[in-house]
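When you get a sec, could you build the whole thing from the sequences and use the hints?
If you read the sequence shown in the numbering used here, its first letter stands for residue 249, the second for the next number, and so on.
Do not rely on the hints blindly, as some may be mistaken.
Said to hold, decoys possible - Straight-line alpha carbon distances no greater than 20 Å define the calculated EDC-like cross-link-like pairs of lysine to aspartate or glutamate that follow:
id: 1; residue 1: LYS533; residue 2: GLU637
id: 2; residue 1: LYS286; residue 2: GLU423
id: 3; residue 1: LYS533; residue 2: GLU461
id: 4; residue 1: LYS379; residue 2: GLU308
id: 5; residue 1: LYS508; residue 2: GLU458
id: 6; residue 1: LYS286; residue 2: GLU269
id: 7; residue 1: LYS379; residue 2: GLU306
id: 8; residue 1: LYS381; residue 2: GLU337
id: 9; residue 1: LYS627; residue 2: GLU606
id: 10; residue 1: LYS508; residue 2: ASP442
id: 11; residue 1: LYS627; residue 2: GLU461
id: 12; residue 1: LYS381; residue 2: GLU306
id: 13; residue 1: LYS627; residue 2: GLU637
id: 14; residue 1: LYS508; residue 2: GLU490
id: 15; residue 1: LYS379; residue 2: ASP410
id: 16; residue 1: LYS286; residue 2: ASP417
id: 17; residue 1: LYS379; residue 2: ASP344
id: 18; residue 1: LYS627; residue 2: ASP567
id: 19; residue 1: LYS402; residue 2: GLU269
id: 20; residue 1: LYS381; residue 2: ASP344
id: 21; residue 1: LYS402; residue 2: ASP344
id: 22; residue 1: LYS381; residue 2: GLU308
id: 23; residue 1: LYS286; residue 2: ASP264
id: 24; residue 1: LYS381; residue 2: ASP417
id: 25; residue 1: LYS596; residue 2: GLU639
id: 26; residue 1: LYS533; residue 2: ASP543
id: 27; residue 1: LYS508; residue 2: ASP567
id: 28; residue 1: LYS402; residue 2: GLU337
id: 29; residue 1: LYS596; residue 2: GLU637
id: 30; residue 1: LYS533; residue 2: GLU639
id: 31; residue 1: LYS286; residue 2: ASP410
id: 32; residue 1: LYS402; residue 2: ASP289
id: 33; residue 1: LYS627; residue 2: ASP610
id: 34; residue 1: LYS379; residue 2: ASP417
id: 35; residue 1: LYS381; residue 2: GLU423
id: 36; residue 1: LYS596; residue 2: ASP543
id: 37; residue 1: LYS379; residue 2: GLU423
id: 38; residue 1: LYS508; residue 2: GLU461
Worth flagging that the hints you see were computed from the coordinates, not collected in a lab.
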Amino acid sequence: MLLVPLAREADLGIRDHLLYELARDLSSSLELDVVLRKTMDRTITLMRASRGFIVLVEPETGALLVRMSSGESDPLKVGEFLGSRTVIEHVVQSGDAVVTTDASLDDRFKGHQSVIIQNLRSIIAVPLVTKGKVIGAVYVDNPFRAAIFEEADKEFLQAISDLAAIAIDNARQYELSEFMRHLFELHVNKQVTDYVLARSVRSSMFLPGERREVTILNSDIAGFSRLSQTLDARELVIFLNEYFRRMIDVVLEHGGNIDKFQGDGMLVCFGAPNPMHDHAEQALKAAQAMIHEIDNLNRELIGAGRVAISVGIGLDTGDVIAGHVGSQKRLEFTLIGVAVNNAAYLSKVRPAKVLMSEATRDRLPGHVVVNNAAPMLLKGAHTPQAIYELETTVLSD
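Laid out in structure tokens, this is it:
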């Protein structure tokens, strides 16, 4: 039985309903592959084509790539454009739609290799246009039968393509925004990213400061200046990246916010910007896990004939002010408070140890055992303060 294209037999009301359904489907997702699949499936069904392709212009290179196809049974050919390259290139370059009832007899295409080899017959191809720019094309054909499509079908497919182009552009913009967000999170901890985005408004870029009780952890590699003189620039960067990779994984696992890197040092906050009721305990667990990772790293360094490292870690608990510091040209989310300075001070005590203030010790669960260390005069105090040391075992079996 002869199948008449739906676009030819449907009246305007039915077409409008079908386009409405397509618009609803495309608006339900911002994932590019989902948008492309829904567009392709709907196109094949509505146009009653035997196969179809969605070709997009790559923004960076301008190359035409098949991003979705349907009707090709050979899995090895999925992703290849098997239609008329002449037609698809003409549509993308000119921005004009093309319909042909028999490409093998059409003076515009009959001499081209793809048409001859594949014996192409009925073809419709329409541009994907958004914001005045052609971003690709939708192509459907039937390699076996002529006179399947006519001008009315071309107009209907163009309407489908116009809806798809908007959805594709939205999906691409979403992908770009997610990439930029991820890139931003490589420079700024995810906690800070989410905190700033959730609280920022167009009328002001500055976030008001918030007072929080937190535990600050600061780490510092002992003898790093001497170590840096024994390594060339490339080796030093590789070493630091490997060291920080391990430390960052540990800190993030325990809910810490990496405030900043200072050479070989790392300043971490537990309890801001995200509140944390057990911030002292999580900071201590992070310190323990960091020592374990440093132990593993030292084994590798010694195995490679290099010198092991020791890292001082300081912990202090207290109120800090968390918020934006800077100007409209350069902003930084930072922490201001005595605990920041004290944690840095304790991390630089030599020989390197894990040291904590009495304020941190007092907020730890009762089962945590720490050792007394020599009292020290911390910032803001008039007399030496009690200091405690976490017992650690380095290079243990």
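Tell me, in ascending order, the numbers of any earlier hints that this structure violates. none
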